[in-house]
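Chemist: Next come the chains, spelled out residue by residue.
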Amino acid sequence: MRLQIKGICHSYDQVEALRDIDFGIEPGEVVALIGPSGCGKSTLLSIIGGLLAPTRGEILICDKATPEGCLNPLTYVFQDFALLPWRTVAGNISLVLEDHGLSKADRDARVAEVLEQTNLWDFRDAYPKQLSGGMKQRVGIARALAVRPAALLMDEPLSALDAQTRILLLDEFAALFARTGMTAVYVTHNLNEAVRLANRVVALRRRPGTIKEIHTIDIPIAERREGMPELIAHESALWNLIRDEAIAADKELENVA
Amino acid sequence: MRLQIKGICHSYDQVEALRDIDFGIEPGEVVALIGPSGCGKSTLLSIIGGLLAPTRGEILICDKATPEGCLNPLTYVFQDFALLPWRTVAGNISLVLEDHGLSKADRDARVAEVLEQTNLWDFRDAYPKQLSGGMKQRVGIARALAVRPAALLMDEPLSALDAQTRILLLDEFAALFARTGMTAVYVTHNLNEAVRLANRVVALRRRPGTIKEIHTIDIPIAERREGMPELIAHESALWNLIRDEAIAADKELENVA
Amino acid sequence: GAQANEKVDIAALAFVSSAPLFIAKEKGYLADEGLDAEISIFQAAQPVAVAIASGDADFGVTAFTGGFFNLAAKGALKVIGAQLHEDPGYDGSAILASNAAFEAGLTSVDKLPGHSFALSQVGSSFHYMIGNVAEKAGFDPESVELKPLQSVPNMIGALKSGQVDSMIIVPHIAKPLANAGAAHIIGWVKDYVPYQVGGLFTSTENVEENREMVEKFVRAYQKGVADYRAALLATDADGKLVESDTTQEILEIVHKYVYANDPADKAYPKIRNGAMFITEEARLDVADVKAQVKWYQDRGYVSADADPAKFIDTSFIPALGQ
Amino acid sequence: MSHDISEVRAERQSAASPASQVRFRATGFNPKANPVAAWGFFVAVIALWQLGSSTGVISELAMPSPVAVAKALWQLIVTGDLWLHLGASLQRLVGGWIMGTVAGLFVGFLVGMFSWARSPGVAFVSALFPIPKIALLPLFIIWFGIGEPSKFATIAFGVFFPTVINTFGGVDNVQRNLIRMGQSFDLPMWSVIRKIILPGALPTILSGFRISSSIAIILLIAAEMIGAQYGIGALILAAGNLYQTDQLIAGVVVLSLLGLCVSWLLGRLDRWLLAWR
Amino acid sequence: MSHDISEVRAERQSAASPASQVRFRATGFNPKANPVAAWGFFVAVIALWQLGSSTGVISELAMPSPVAVAKALWQLIVTGDLWLHLGASLQRLVGGWIMGTVAGLFVGFLVGMFSWARSPGVAFVSALFPIPKIALLPLFIIWFGIGEPSKFATIAFGVFFPTVINTFGGVDNVQRNLIRMGQSFDLPMWSVIRKIILPGALPTILSGFRISSSIAIILLIAAEMIGAQYGIGALILAAGNLYQTDQLIAGVVVLSLLGLCVSWLLGRLDRWLLAWR
Ligand SMILES: Nc1ncnc2c1ncn2[C@@H]1O[C@H](COP(=O)(O)OP(=O)(O)OP(=O)(O)O)[C@@H](O)[C@H]1O
Ligand SMILES: Nc1ncnc2c1ncn2[C@@H]1O[C@H](COP(=O)(O)OP(=O)(O)OP(=O)(O)O)[C@@H](O)[C@H]1O
Ligand SMILES: [Mg+2]
Ligand SMILES: [Mg+2]
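Protein chains in written order, with our numbering: chain X, 1 to 257; chain C, 1001 to 1257; chain F, 2001 to 2322; chain H, 3001 to 3277; chain Z, 4001 to 4277.
The set of hints was computed from the structure by calculation and includes no laboratory data.
Pair ranges (Cβ atoms, derived): (1) Z:4039 - X:13: 50 to 60 angstroms; (2) F:2032 - H:3059: 47 to 57 angstroms; (3) Z:4268 - H:3172: 23 to 33 angstroms; (4) F:2032 - H:3265: 49 to 59 angstroms; (5) H:3024 - C:1028: 56 to 66 angstroms; (6) F:2298 - Z:4055: 31 to 41 angstroms.
Ideal placement from N, C-alpha and C gives every residue a C-beta, glycine not left out.
All chains, full assembly: derive it from the sequences and hints.
Modeler: Next up, the structure:
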C-alpha cells in the first residue's frame, strides 16, 4: 500500500496544529514522525488513520494492494495500549475479528497465530491487569497484526513503558519490521527509537506544524545495532534539528489560564 | 554527610522486597540504583529517606556535617513531582520553609534564590497545571534545594517526562551535581541516565532484592558527554548485568489474580 | 383568684370541637379566673397531645386515638374532661358510601363487609369508629378493607373518585357532600353509641403541682361549654336544632378561629353543621373511654399496660352518670 | 478459510470509492452540550403541556395548566406570601444545613484520618444513612419539640450523613504522595492537615455540598410536616391537602428554582475556591 | 538572616539523638479498617442505650430501650406480621426499582451517546431530580390511584433520576481511547456500544444501583403513605401515629437490615460482573 499525504492542514478550535503537510509513504517503508511536544504528530497520525477529519487536504491510498485476509488496512497501535480490561488477551484480539464474518475457527486460528508470533500464547487467558506494561503493548501489537494490516500506525507505542522494557520491545519491533517488511508510520519523541526503526524520519516544526526536514537513514533495519556509531551520528543530527524548538516547547506554559 | 546502609531487609505483607542491603554513600558522591522492575529500588530509597520503616537493619548518618541553613538533611525528589496543585510555584517552594521558624523575608530570599538557580523566576506565580512536565520537575528540584539538603534522594525523577525533555533535564542535573558537589542517591531504570550522572552504580537483583554488583564509573561528571564511547561501554556493561532479570521481570504476571 | 394573671398556654385545633375554649377566652371567663390564656392553633391532633406531654402547653382538647392513649399511658398526660360526644339526639359523624358503591348496592351499614373503607391512619378515631360500628351492627370488622390515606382531604378525594367505597366523616363535611350528590349517607355513628369522641387534658405535672390553676381553668372551660350548648345545641320540642338568643354571638366568637378565611354567611352554616354534642359540664364518658382503650388494646394498637384509671382524673369534673 | 476472507476483502474493496481517500471513521459517541436545545426542550414541554390542558387532554384535576401554575405563583408573589414562606424555609434550610455540615465535616475528618474512628464511623454512617427521616418525625417531635428545633434537626440529620461520607472520601482521595511529600520535608502533622489534606479534600467536599444541599431541599417537606405555619414545604403540603394542584405545582417550581440557585451559588464557590484547578 | 537559620539548625541537631539513625517520619494518615472496632462500637452504643433506658436517663417517651425494640421485632416475627409487611414492601421495592431502572438506563444511554439527547436530558433531569416525591403524592393519587400503581410510581420516580445521571456518567467515563480503538478497527456502531460502551459503563452503573436502591428503600415510607394496609413503611407510619416507638424503631431496624442485604447482594453482583477489575 502506498499512501500520499496531500496538503494536510488541521486546526483545533483556536490552535492551528498542522499546515500543508505533504509527503508519501512507500510500501514496506517505516517512516518516523518526530518533533517537539505539541507539534502535531498525533494529530497527523490520527488524520492518516481516518480518526480525525482534517480541516483541509486528503490522505490518498494510491496503490491498493493489501495483504491477503486484510480486514483493516490502516491499523492503529495505541500508546496506552487501549486494551479492554474486561476481556482476556485472546478476547481482546478476537474482538477486532468478530464483525467481519469470519467463522469461529478462523478467528481462533488467527488469534493463535499472532499469540505465537508475539510470544503471548501462555498468557492467552490472562486479563490485562495481570500483565506488565511490555506485555500489554505486545497484546496491542498482536491485535494489530491479527487483522493483517497493510500499514501500522503507531503513536509512541513505547513511551508508556519503563526504560528496560522499552529496549526489549524496540528490538522486537526492529525484528518485526525487518521480517515482515511492514509499512509503518511511527510517532516518537525518542530519537533513539527513530534511528533504530525508520527508513525515513520526518521532522516537524512547532505550531503550526510544518515539515522541517525529511531525513533518510539508509542502513537496512536488520543491520542496525544499539550504539552503532552511524546511528549515533544520525541521532545527533536529528537532535540538532529539533533541539531549539524542544527547549522552547518545554519552557512554554501549556495553559495560560 | 556520610550515609551507611546497614543490613537492610524489608518485607511487605507477603513479598520479601529487600534482603541484607549493605553499602555506604560518601559525601559528594552520586550513587545510582538500578535493577529490574520490582527489585526494591523505591523501597530502599524510601527507607533511606525515613519514609518507610525497614523490617530489619538501619540507616546510619556517620558524618553529621550538613550545609549551612540545612532544614531537611535527606530530601526526596519525587518521580511524579508531588506539587500541590493549589499553590503557585513560589508557594510550593515556600511550603517546605514555613514551619522552620524562618522569617518571611528569609523565606522569600531562599525562594528567589532557588527560582533563579532553576530558571523558574518568570514562572513564580504560575500554578502547576500551567507548567510543562519538565518545568514541574524543575520546581521539584527547586523545592528540594530550598531546604539546603545534605543529600538528594531521587526516585526516577525523569521517567515521567518525554524523551526530549528528559535529555534537557539530564544535562541540567549533571551540571547541578558537578557544580554543587551534592550527595545524591538516584534511582533509575534508564542506564543512560545512570552512566551520565553516577559515580557508582548499585545494581540490584530481583526478589528478594540483593546487591548484584557495585559498578564504579571513574569519569568526572562534568566531563561526561552524550554518546561518549566510554559511557556507552559502561552502559552495555550494566545492561548485560541486568538484562536477563529484566526480561524475566517483564514476562512475569504482575498480578496472578 | 389568689394569683392574678397566671399564664396558661392552650393548644387547640381550628375546629368547632375546640369552641368552648375560644368562648372561654373571648368572653373573659379565663381572665375572670385570673388566667392569662394564650391559644396556639395546631395543624394536626397528634402534636397537641405531644405538646402537652412535653410541657410546651398546659391544656388541650383533641379526639381520642390509639396514639393519644399510648402517649397518655406513658404517664405525662391526664384526661380531666370531655370534648365531643356522640348523642342519639344530635347529628354526629356520618357513614358515607361512594356513588359507585351505593349504586352497586352499598345502601346500608350492614352491607359494608367486603367493601373498602378510607381512614387517615391505623389507630385513628376513624379506625375505632368503624370497628365500633361493625361490632354493634354485628359484622366482622376484619371484613372491611381499610385504606389509610394520611389525611381527610385524601379520604374525601378517594371517596369522590370512587377509589374507596366508604368512610366515616364529621357532619359538616358529610352533609355538603351528600347534598352535592358526591356521596350517599348510609348511616350515622350516633346510632351506635355511646362514643366519647375526645377529651380535655392537661399534664400530670399541672394536676400534681398546680391543682388550683387547673381548677380555675376547668371552671372557665365549663362556662364555655355551657355557652356552647345554649347557643348551638338548643332544640325545639321535636328535637330539631333551633337558634337561641345567644347563637349569633357565639357564632361570631367561634368564627374568629374557625373558617376565619370564609365570609360569615358561608362560615356560620359550616360551624352549625360541625357543632356536635358536648355533655353538660363537659363530663367525660369514662366507661366508654375505658371501652375504647380496651378495643385498641385487643388489637395491639395500644400497649397492654395502658391503664385508663391512671390517666383519667375525674376529681375536677365528675364522670358522666356519677 | 482463506476463501471467505478474500471474499470479505473483495466486498470491502468494492465498497470503497474509486477515489480511494482514507475514510473518516471516528464518528459519534461525543455528545456535545447545547444550551439552546435544553431551553428549547423546556419551552416545547411547557407548550405541549399547555396545549394538552387547553384542549382538555390533560384534565385540570390531573395536572393544572402552566398558565394556572404561573397565576398561582404570581398570586403568591403579589400577596407577598411567597416571601413569607420562602423566608421561613430559607432560615430552616440554612440553619439545618450548617448544623449538619459542621458536624459532618468534623466526623468526616476524624474518620478520614484516624484508625480508631475509621471502622466505627463508617459502620455507624452506613447503618443510619438509609433510615428515612420521615420515619423518625414522631421521635423528633418528642426530642426537639414541635417548633423550629425539630425542623433544623430533620434537615441537619439528612445533611450530616452524606457530608461525613464525602468528607472522608475527600480525605481518602488526597493523593498519598502529597502527604508523603509533606512528611518527607518534616512538616508537622498540623501543617500537613491544614496545608495538604484540607485543600486536597476540598474539591470532593464541595461536590458533596451539592448533594447535601439537594437533600436539604428535599427534606424541607418532611421538616415542615410538623407544626409549620409558613414555609414552602408547608405550602405544598397544605395545597396538596386542599387539592389546590396549581399552588402545589407552584410550590414545587419554587423548590426547583431554589435548587438551581443553590447549585449556581455552589458553582461560584467552586470557581472561587478551586481556581487552581 | 543566616544567623537565625544556623540557630534553627543548631536546635535541630541538638534535638537529634546521638545514635544518629535516620528517623521514620511517614506516620499516620493511613486509617486502617477494623471490623472488630465497628462491631464493638455497635455493641457499646446499644449497651449504653440500654443502660440509659434502664436507669431512666433516656425516658421511654423519648426512645424505647433496645430490649423493647427487640421484643417488638420478635413479636412481629412470631405473629408472622413481619413477613406480611416485608412481602408487600419487597414487591413494591422490586417492582418500582425495576421500572425506574429500566427507564433510567434507557434515557441515560441516550443522553450519554447522542448530542440531540444530551442537553435536554441533562436539563430535564436536573430540574426534576430535586423535587421531593412526597410533594407529588396528591397528584400521584390522581394519576395512579391509591392502589399498587401509585406505590410503584413513587419508587420508580425516585429511582429513575439518579439512574439516568449515573448511566450517562458511566458512558462518559468509558475511556474515549477504547472507543477510538474500536472505531480504528472499523467495528460497527452497534458492536462499539455492546462490546465497549456497555461493559465500560457497567462499574459506574452498578455503583449507581447502590444509590438507587437506598433511595428506593427511603421512599418506601412515602410510597406506603397512601392506601397501604401492609408494608414496612405502613408499619412505621402506623407505629408513629400510635406512638408505639418500640414498633417504630423495630420497623426502622428492618429497613436498615434490608439496606444491608441489598448492599450485600449488590456486592456479590459487583464481584460477579466485574471480576475483571
Ligand atoms: N482536542 C484538541 N483540542 C484542541 N487542541 C488540541 C487538541 N488536541 C491537540 N491539540 C493541540 O494541537 C497541537 C498538536 O497536538 P498533538 O497532540 O498532535 O501534538 P503532538 O506532537 O502529538 O504532541 P506530543 O508530543 O505532546 O504528543 C497542540 O498544540 C495541542 O495543544
Ligand atoms: N505497599 C506495598 N505492599 C505490598 N507489596 C509492595 C508494596 N510496594 C511494593 N511492593 C512490592 O515490593 C517489591 C519492590 O517494590 P518497589 O516498588 O520497591 O520496586 P522498584 O524496584 O521500585 O520497582 P519499579 O522499578 O517498578 O519502580 C515489588 O515486588 C512490589 O510488588
Ligand atoms: Mg502525541
Ligand atoms: Mg520504583
